[in-house]
Every structure is written in structure tokens, then in C-alpha cells.
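Engineer: Single-letter residue listing:
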Amino acid sequence: MAILDVNDLTLSVDGTSILDGLTFELWDGYVHAIVGPNGAGKSTLAFTIMGLAGYRDYGGGLTFDGEDLGGLGVDERARRGITLGWQEPARFEGLRVRTFVAAGRGEVSDDDVADALRQVGLSPSRYMDRAIDKTLSGGERKKLELASILAMRPRLVMLDEPDSGIDVESLRRIREAIVLFKQAGATVLLITHSLEVLGWAEHAFLMCCGRVLDKGPVEKIGRYFRDRCIPCDHKNRPRLSEATADE
Amino acid sequence: MSSADLVDVARIHEAVGDPDTAHLVIGLNEVLSSRTVPGLDVDVGKVADGVELRLALADGTAVARPVHLCFGLLQAEGVQKINIDFDVGDDATIPVVAHCIFPNATDVRHLMDATIRVGAGADYSYRERHIHSPEGGVLVVPKARIRLAEGARFRTDFELIEGRVGSLDIDYETTCAARSVMEMTAKVSGKGDDAIKISETGHLNGEGARGALTTRVAVRDRAAAEVYNKLTASAAGARGHVDCKEIISGAATCSAVPVVEVNHPKAHVTHEAALGSVDAKQLETLMARGLSEDEASDLIVAGLLS
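Protein sequence lines correspond, in order, to chains W and V.
Under the working numbering, think of the first position of the first sequence as 101, with each following residue one higher.
Under the working numbering, think of the first position of the second sequence as 62, with each following residue one higher.
It cannot be assumed that every hint is accurate.
Here are the simulated lysine-lysine pairs, BS3-like style, with alpha carbons at most 30 angstroms apart [to be verified]:
{"#": "1", "chain 1": "V", "residue 1": "K291", "chain 2": "V", "residue 2": "K252"}
{"#": "2", "chain 1": "V", "residue 1": "K107", "chain 2": "V", "residue 2": "K252"}
{"#": "3", "chain 1": "V", "residue 1": "K142", "chain 2": "V", "residue 2": "K107"}
{"#": "4", "chain 1": "V", "residue 1": "K291", "chain 2": "V", "residue 2": "K248"}
{"#": "5", "chain 1": "V", "residue 1": "K252", "chain 2": "V", "residue 2": "K342"}
{"#": "6", "chain 1": "V", "residue 1": "K258", "chain 2": "V", "residue 2": "K342"}
{"#": "7", "chain 1": "V", "residue 1": "K252", "chain 2": "W", "residue 2": "K234"}
{"#": "8", "chain 1": "V", "residue 1": "K291", "chain 2": "W", "residue 2": "K234"}
{"#": "9", "chain 1": "V", "residue 1": "K258", "chain 2": "V", "residue 2": "K204"}
{"#": "10", "chain 1": "W", "residue 1": "K282", "chain 2": "V", "residue 2": "K342"}
{"#": "11", "chain 1": "W", "residue 1": "K282", "chain 2": "W", "residue 2": "K315"}
{"#": "12", "chain 1": "W", "residue 1": "K234", "chain 2": "V", "residue 2": "K107"}
{"#": "13", "chain 1": "W", "residue 1": "K234", "chain 2": "V", "residue 2": "K248"}
{"#": "14", "chain 1": "V", "residue 1": "K258", "chain 2": "V", "residue 2": "K291"}
{"#": "15", "chain 1": "W", "residue 1": "K234", "chain 2": "V", "residue 2": "K327"}
{"#": "16", "chain 1": "V", "residue 1": "K248", "chain 2": "V", "residue 2": "K342"}
{"#": "17", "chain 1": "V", "residue 1": "K342", "chain 2": "W", "residue 2": "K234"}
The hints are simulated quantities; they were obtained by calculation from the structure and are not laboratory data.
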């Protein structure tokens, strides 16, 4: 059963088409990945699903759990269970970890925050009262973002380049967090151009030039991506028939 | 007005009740309660509309627990002038917390004029905490001239913890001798028709002197904020930084005028200023967790001013 239906989605920014008729669906409770080269439109797709400013004037349809997302703001979509982890998480001067992690739900106790921190490998006693500012590394901020998402208990988690700028240990923790999301019944959408991250998924989409070129088992999509997209052997816009001809 | 009233509003019962903690509670121009500790001389002279306060800390004295100075008016209208002359002896240490309490003000003026000398190797920290009325009917004009001797340290921060600003005009100037360190911080949130003016100046005159001027202001509605930060460095190894962030919303306005001046080839001063609306990425991160735009904005501003 699909939790998110994307139907002929289009979006242009400053007159340039970024999303060019995307159609796909995310099955409820699965870990999906969208893989594609830089500039494919992957992050734009996530921002559009989240409803960020500048990404709301889209064509086509976005339906979450049977409800049209058109007209809903970021917070309204989040309250329905959709959330996003950024490639480069924000810094917040003065905002404490305790407050940030608890921000997503009305009643989150310190114990809940501590649990979420432990789940991403951060010591509550060391991090609870720290500010989410430039004193934290990129890996620490990624983990804190995951902790805040875990505490939120979302239904659809989109993670944009979850392996960007982090060390091996942080990467392991992020992978474990994805398992936790799935165990909690959430659907996960990984946005990536990493074959390693692609390998965490159960199902994958290949995206290029604003379109979904193919979908299917991770091994199949990974093989095509590895052989044909790194480096890209289509200097011009590939056609769907070209992308799938080998399969 | 009794001491208990001001102590209640300032919430400093524990400090006032502690025999090892110095305090001074002044309502208008009356000393309502006081206690000192060894090495700290306190002399209060009554003048019209206020007090002349002379403090002297003996050389080498280390005051462990913060000294609480509580100034205030519980009346709706009035003027309170506080003139302070403070000598911190060589190698002495003293933390001071000043509570300025005007919870019922509709037309109150609080004028402070301080001259402070911090001796060689001494350490003086001064935290100013204000409680104003919800209407903000108060004009606060704190002025201080601070002189740091060689190797001295001085930290000050100003914070409005309750009520509305009203009208605020801070004017602090610190002069630093060799290897002394000063940090001046002001954090203020304005709304309604509050008017905030912050002028902080540091002169890094001695070799190896260091200084930082930090300002955080959030204004909304029709409030206005002006920040003037000036830092000069005039000796070898002098290092300084000016950092101003102002967030506005509604019809509020803000300005920042950072002036950095270097008069020695081996001195170095930097500045950064960021003025504008709440950072979009911060806002959207919190909104992507389900907070409304207003809730997210309030949280970000609270963090900035914390």
C-alpha cells in the first residue's frame, strides 16, 4: 500500500525545469532510496514533498495517505507525519539540544529526549544542555537531527544525503537509526548518490534530469547507477528508453 | 516599599538570607538591606532621587559568592539615580549581579553612572538583570566607564529577563591595559514601541590586550534597535572581535554600526554583523518537526537571547 503518491510532478525554478513529470509511489513501511547524479533534482523533490518555501508552486499531484498535500505548509505536512533531515543540518545559536529534540511533539519528557540521544549514540549527560551551534561537528548535528526526528515519531522520513560530511562511526549510527525508523513503522526515503547508502534501502528509484528513469530492486538500480552514472555516460538528457534498454 | 518586596520580585531570597553573601538592596534612595563580606567596603550616600555608592575591594581579596545589588522602584512613577564608584584591588576577584527592578513602571527613569577601576591581575564580572513592567514604561540609561589595569579581566552582560524594555540607552566604554581581557555582552528583546540603543566601546590600548563586544537583539511590532559597537586596537598583540546579530519581524527596525580601528601593525580586530529576519533554514527545520512559524520563530529568538 502506498503512503505517498507522486503523480506527474513538475517544478520550475527561475524558468528552469527541475522536476519534469515525476510519477512514483512509496510503499508504506519500506526503506526507499532515490539515487541519481548531482543535479538530478533529488533534493528538490524532497523539498517539494516537504513544502519548503520556493518549492510549493508545483504541477501534478502529491498525495500523502490519501490526502492531497497541495496548499499545506511545512508545519501542516509535518503534523501529518512528514519530515526531512537536511544534507547540512542548521546551526542554532543558543538553542539547547534538550529543547531542539523535544520540539517536534507537544509532550516530550527529558527521558524521551535522553532515549532519542542514546539511540543515535550521543550521551545525554554530555549533550542535553549543549547548544546546537558551531561548537558541534557536522556528524554531531546530523545525529542530533536524527534524534529530533526519532522523538517526533514521523510516518515518512526523508533524509537528504545522510552520509554527507560524516565519519564512519556516525554513518553506522545513521544506518541504525534508519532501522529504528522502520521498526517504528515509518517509511523512509533516502536521497543519495552513494552506493553504500543505496544499499541500506529495500527498494530504489533512479532519477536523472528531473525524472524517474527506473525503479526496482536496489541491486538492479545500483548496478545501472554504478556502470552508467559514475561517470555519467549521457552528456545530454537521457531518454527513458535508453535508461531501461539494458534491463 | 520594603526590602522584602524588592527581594520578592528579584527572587534573591537565598542570597539575601545567606550570611556569607554580600548584598545591598536600595529602593529609590533608601538602603533597605545590606551585608558585606571581609575585604569589601561599601559606602552609600543618599542624594535626591538616588544614591552615591562607593565600593572598594581590597587587594588580593577573592569574593567567592556573587554580590547581589538590587536597585528598584515598585511605584509606577519616579526617578532613581545610581552613581557608582568601584575600585577592585590588585589580584582581587569579585562577581556582581545587579538586579534592576521596575515591575509596575508606567513612567520611571533609572539612570546609572558608574566609574570602575579593575586593578592589576584582578577579575571583575558584572551581570545586570532587569525586570520591567509589562507595559515597559521605563527609561533605563546605564552608563559605565571601566578601566582595566595590566592583566585584569572584566566581563559584563546585560539581560532583560521579564517585562518590556520601554526605552533603553546603554553606554559602556572600557579601556584595557596590557594583557587585560574584556568581554561585553548585551542581549535584549523589544516589542511594541520599545526603543533600544546600545553603545559599547572597547579600547585595547595595552600590548596583548583582548576584547569582545557581543550584541544580540530581537525586535518585533514597531520596536526599534540601534547598536553602535566600537573596538580600537593600538598595541602589539592586541586582539578583538565585534559580533552583532539582530532579528526583526513585523514593522520593527534595526541598525548596526560596527567600528573597528587598528592603530598598530601587530594588532588585529574583526567584526561580523547579521541583521534581518529569522534564518530560513532554522525556521524550516523546526517547522519540519511540526512547529508553526510563530512557535519556531519564538524558539529561535529565545535561543539567540539565552
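Engineer: Now tell me if each hint is right for this structure.
Structural biologist: Evaluation of the provided hints:
1. Distance hint between K291 (chain V) and K252 (chain V) is fulfilled; the C-alpha atoms sit about 26 angstroms from each other, no more than 30 angstroms.
2. Between K107 (chain V) and K252 (chain V) the alpha-carbon distance is near 35 angstroms, which puts this suggested pair outside the 30 angstroms criterion.
3. A C-alpha spacing of about 10 angstroms is found between K142 (chain V) and K107 (chain V), which places the hinted pair at or below 30 angstroms, so the restraint holds.
4. For a cut-off of 30 angstroms, the pair hint linking K291 (chain V) to K248 (chain V) stands: about 17 angstroms separates their Cα positions.
5. Taking the CA atoms of K252 (chain V) and K342 (chain V), the gap is about 24 angstroms. The hint holds against a cut of 30 angstroms.
6. Note on K258 (chain V) and K342 (chain V): the hinted pairing holds, with a Cα-Cα distance of about 29 angstroms set against a maximum of 30 angstroms.
7. At roughly 29 angstroms between alpha-carbon atoms, K252 (chain V) and K234 (chain W) fall within 30 angstroms of each other, so this suggested pair holds.
8. With a CA separation close to 25 angstroms, the supplied pair K291 (chain V) and K234 (chain W) stays within the 30 angstroms bound.
9. Taking the CA atoms of K258 (chain V) and K204 (chain V), the gap is near 12 angstroms; set against the 30 angstroms cutoff, the hint holds.
10. Straight-line distance between C-alpha atoms of K282 (chain W) and K342 (chain V) comes to about 27 angstroms, which keeps the hinted pair within the 30 angstroms bound.
11. With a C-alpha separation of about 20 angstroms, the suggested pairing of K282 (chain W) with K315 (chain W) holds against the 30 angstroms cut-off.
12. With a CA separation close to 49 angstroms, the supplied pair K234 (chain W) and K107 (chain V) exceeds the 30 angstroms bound.
13. Between the alpha carbons of K234 (chain W) and K248 (chain V) the distance comes to roughly 19 angstroms, so the proposed pair stays at or under 30 angstroms and holds.
14. Between K258 (chain V) and K291 (chain V) the alpha-carbon distance is near 14 angstroms, which keeps this suggested pair within the 30 angstroms criterion.
15. With a CA separation close to 28 angstroms, the supplied pair K234 (chain W) and K327 (chain V) stays within the 30 angstroms bound.
16. For a cut-off of 30 angstroms, the pair hint linking K248 (chain V) to K342 (chain V) stands: about 23 angstroms separates their Cα positions.
17. Of the supplied pair hints, the one linking K342 (chain V) and K234 (chain W) holds, its CA atoms being roughly 15 angstroms apart against a limit of 30 angstroms.
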